[in-house]
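**Student:** Going line by line, the protein sequences match chains C and S. The first sequence begins at 5 in the numbering used here and counts up one residue at a time. The second sequence begins at 43 in the numbering used here and counts up one residue at a time.
These are computed hints drawn from the structure, not numbers from a lab. Predicted model only: the values in this text are computed from it and were never measured. Glycine included, each C-beta is placed from N, C-alpha and C at the ideal position. Treat the hints loosely; a few may be bogus.
Claimed, not checked - Derived, one-sided and incomplete: chain S residues facing chain C with beta-carbon distance under 8 angstroms:
id, residue
1, 98
2, 118
3, 129
Claimed, not checked - No more than 35 angstroms apart at the CA atoms, straight line, and that leaves these computed lysine-lysine pairs for DSBU-like:
id, chain 1, residue 1, chain 2, residue 2
4, S, 150, C, 411
5, S, 161, C, 312
6, S, 295, C, 411
7, C, 312, S, 150
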Amino acid sequence: MTDALLTGANASTEVPLKRRLRRAERTRQVKALALVLPLLVFLLFTFAGPIAGMLWRAVDDREVRQALPQTVAALASWDGKDLPNEAAYAALASDIQVARASGTIAIAAKRLNYALNGFRTILTSTARNLKAVPEPGTAKETLGKINPAWRERTTWTTIRDAGGPVTGFYLLAALDLTRNVDGAIIAAPPDQAIYRDVFGRTFLISLGVTALCLILGFPVAYLLATLPPGRSNLLMIFVLLPFWTSLLVRTCAWIVLLQSKGVVNDSLHWLGIIDEPLRLIYNRFGVCVAMTHVLLPFMILPLYSSMKAISPAYMRAAASLGAPPLTAFLRIYLPQTLPGIGAGSLLVFILALGYYITPALVGGAADQMISYFIALYTTETANWGLASALGAVLLLATILLALVYGKLVQGQQVTGGMKN
Amino acid sequence: MVTPALVRFSGIQKSYDGEHLVVKNLDLDIRKGEFITLLGPSGSGKTTTLMMLAGFEVPTQGEIYLAERPIKNMPPHKRDIGMVFQNYALFPHLTIEENVAFPLSVRKVSKAETQARVKAALRMIKMEALAQRRPGQLSGGQQQRVALARALVFNPQLVLMDEPLGALDKRLREQMQLEIKQLHETMGITVVYVTHDQSEALTMSDRIAVFNDGIVQQIDRPDALYEHPVNSFVANFVGENNVIAGTVETIEKDYCRVALAAGGSVMARAVNVSGAGASTSLSVRPERIAIIPDGASGDGPNRLPAKVQNTIYLGDHALAVLEVAGNAEFMVKLQPGAHDNLRHGDNVVISFRPEDCLALDPV
Chain C
5 MTDALLTGAN ASTEVPLKRR LRRAERTRQV KALALVLPLL VFLLFTFAGP
55 IAGMLWRAVD DREVRQALPQ TVAALASWDG KDLPNEAAYA ALASDIQVAR
105 ASGTIAIAAK RLNYALNGFR TILTSTARNL KAVPEPGTAK ETLGKINPAW
155 RERTTWTTIR DAGGPVTGFY LLAALDLTRN VDGAIIAAPP DQAIYRDVFG
205 RTFLISLGVT ALCLILGFPV AYLLATLPPG RSNLLMIFVL LPFWTSLLVR
255 TCAWIVLLQS KGVVNDSLHW LGIIDEPLRL IYNRFGVCVA MTHVLLPFMI
305 LPLYSSMKAI SPAYMRAAAS LGAPPLTAFL RIYLPQTLPG IGAGSLLVFI
355 LALGYYITPA LVGGAADQMI SYFIALYTTE TANWGLASAL GAVLLLATIL
405 LALVYGKLVQ GQQVTGGMKN
Chain S
43 MVTPALVRFS GIQKSYDGEH LVVKNLDLDI RKGEFITLLG PSGSGKTTTL
93 MMLAGFEVPT QGEIYLAERP IKNMPPHKRD IGMVFQNYAL FPHLTIEENV
143 AFPLSVRKVS KAETQARVKA ALRMIKMEAL AQRRPGQLSG GQQQRVALAR
193 ALVFNPQLVL MDEPLGALDK RLREQMQLEI KQLHETMGIT VVYVTHDQSE
243 ALTMSDRIAV FNDGIVQQID RPDALYEHPV NSFVANFVGE NNVIAGTVET
293 IEKDYCRVAL AAGGSVMARA VNVSGAGAST SLSVRPERIA IIPDGASGDG
343 PNRLPAKVQN TIYLGDHALA VLEVAGNAEF MVKLQPGAHD NLRHGDNVVI
393 SFRPEDCLAL DPV
């Protein structure tokens with residue numbers, strides 16, 4: 005009896021407190037949410053939406069299904085071991101007739117041509133030569149006569165694999181993979197296998213640019229953090245100056261400087277150091293120089309903010325405890341700048357991964373990064389599936405890197421001991 | 043008994059801007075094993091002096107000797123001087139144990155010995171249980187103890203402390219004062235301590251050097267500094283003090299008669315007066331003054347009429363604020379229970395012995 009009363013009293017005092025707390029907090033939470041709501045909505049439409057769309061396009065595959073619905077349906081029950089039966093041929097002939105009239109045949113032809121080079125010709129020539137729907141039972145013979153490709157299994161597996169509605173074809177292509185006749189994943193033929201190379205090049209250039217930015221930016225950030233305020237403000241203006249100039253202008257300035265009749269080559273020639281102009285641009289060197297220049301502030305600023313937080317008392321303490329300057333730097337100063345190094349490097353690396361304008365302008369054919377190909381497929385050839393797949397692979401790699409960085413930072417989180 | 047000086051400042055001057063001297067001609071000997079405090083208001087040059095000794099500032103002129111060797115141009119890390127900073131300066135990315143081991147590891151002390159000495163140092167400050175924490179997880183007092191252990195663990199010949207207790211609250215500060223004093227006594231180390239808190243200096247020091255305006259005003263034991271200040275600055279800076287302005291009338295041996303600006307005259311010890319006719323500031327400590335009840339008989343050389351302004355109750359004692367000879371903040375320490383009898387506006391008479399009244403330089 006007493007127990008019941010006691011627990012009852014406990015419950016009745018505890019639950020209302022929690023509820024009261026929630027109620028008291030709710031107004032504040034609603035207010036906070038209302039403040040960020042415009043940005044959330046904006047981001048939903050400009051960021052989350054497009055990215056979701058891109059990811060969907062990387063696997064979306066409905067063009068063939070829409071143009072050749074009967075064929076796709078007929079091939080669904082095909083075992084793929086032999087040529088399909090007469091019904092599939094009849095369905096294809098009927099589909100071609102309809103698709104030619106509605107104009108969707110070109111879209112299907114383009115899609116099938118990605119998977120099998122020359123498919124466009126097969127389909128368009130068949131459509132052109134197929135005067136009427138063949139008599140029942142003669143579709144196989146008629147189509148085979150118009151184009152011998154219809155007697156080959158590959159032609160039919162291509163249609164079946166492109167039947168959608170979703171496909172791994174573009175994602176596989178982005179990784180230089182493809183499916184063979186039997187549906188197994190194999191390496192793409194050498195003439196199509198370029199993306200791994202491009203991804204590798206993209207990562208290599210980005211890594212090099214990040215390393216250059218770190219080497220060049222660290223002393224500048226140190227200077228910024230240790231100079232007296234007046235001079236450090238002036239220096240900060242020089243660091244930020246590039247932000248006030250258009251990216252295009254800065255990149256073009258490098259073309260002026262580095263071209264074979266440019267300022268650098270002319271000066272070196274005039275000084276008698278070189279006889280022939282050096283090749284400084286439209287190669288890897290030019291790309292790295294120009295990108296490092298553009299991205300340097302993104303390294304300096306996080307480094308600066310992490311260094312600014314390090315009290316000079318630490319270095320003094322290290323010296324008073326007997327550490328020579330280099331030891332004090334390596335064991336006391338450098339470890340405390342690691343969060344800044346990490347943040348700056350990640351920022352520069354991720355920005356470099358997506359760089360387009362600079363490599364496109366100052367790079368050679370062998371220096372084009374993944375963004376160039378994404379832009380090419382989006383604007384030139386309208387192969388949105390492959391463009392999206394390349395983008396998705398890049399996005400995935402970037403997210404993985406960010407996660408790894410997050411884990412690393414979390415592993416050595418430090419809380420400052422200084423109160424000032 | 044003459045102990046050789048461990049540190050000798052010889053004709054040290056320091057200027058930061060080439061126009062003003064922050065330290066003007068400093069000569070100071072620090073003996074081995076003593077606890078010396080550099081006391082002074084901010085900007086008096088005491089911290090600059092400490093930084094020159096640590097090696098973070100270079101004297102503009104003069105030489106500093108550490109154990110007879112000139113060290114003016116020796117970099118800080120070679121001086122073998124431990125230092126405790128105002129904000130502790132514990133390395134935030136290292137654990138407490140690693141912080142304390144740092145001075146040993148840069149000296150390439152063997153692993154086993156490092157471990158033993160760090161353990162002993164942490165036991166000394168009673169923080170063995172927190173060895174694996176990081177500085178950010180400790181309270182201010184704990185951080186200061188670790189900073190102490192780190193500065194002592196490599197047995198430096200000298201330990202410098204730059205206002206180490208400034209960031210702590212009063213109670214903790216008093217506790218740490220005793221702990222530091224105890225460490226000094228048990229380990230026999232030489233400590234140079236900088237503070238602007240005179241009570242801290244009085245509590246801890248063997249000797250105190252009072253700095254003002256770049257000059258050492260007086261170096262003495264705490265009691266001597268309090269009882270026998272050489273000038274008005276020291277008298278006012280160290281302990282509570284009452285000041286009355288006056289003019290010297292006559293000087294006889296150690297004593298002089300001083301005419302007060304507000305009328306009347308008193309006898310005072312002539313400590314820092316140039317001669318008859320010179321103006322002077324009289325210094326009397328609050329606890330050396332008696333309030334004579336109204337109408338009480340008796341006569342003495344130093345009796346002055348006073349008007350009660352206020353009484354302040356402070357628990358262990360009470361203060362009466364009086365108006366005496368034009369000074370409206372004249373403090374008198376009262377006996378327990380005595381403050382009940384005084385009311386605002388009461389006229390009383392105060393009295394003090396001539397030997398408790400010092401005639402010093404005019405303020």
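**Student:** Run every hint past the structure and note whether it holds.
**Tutor:** Evaluated hints:
no.	hint	verdict
1	98	holds (6 angstroms)
2	118	holds (4 angstroms)
3	129	holds (5 angstroms)
4	150/S with 411/C	holds (33 angstroms)
5	161/S with 312/C	holds (34 angstroms)
6	295/S with 411/C	violated (82 angstroms)
7	312/C with 150/S	holds (31 angstroms)
Hint 6 alone, counting from the list given before, is not met by this structure.
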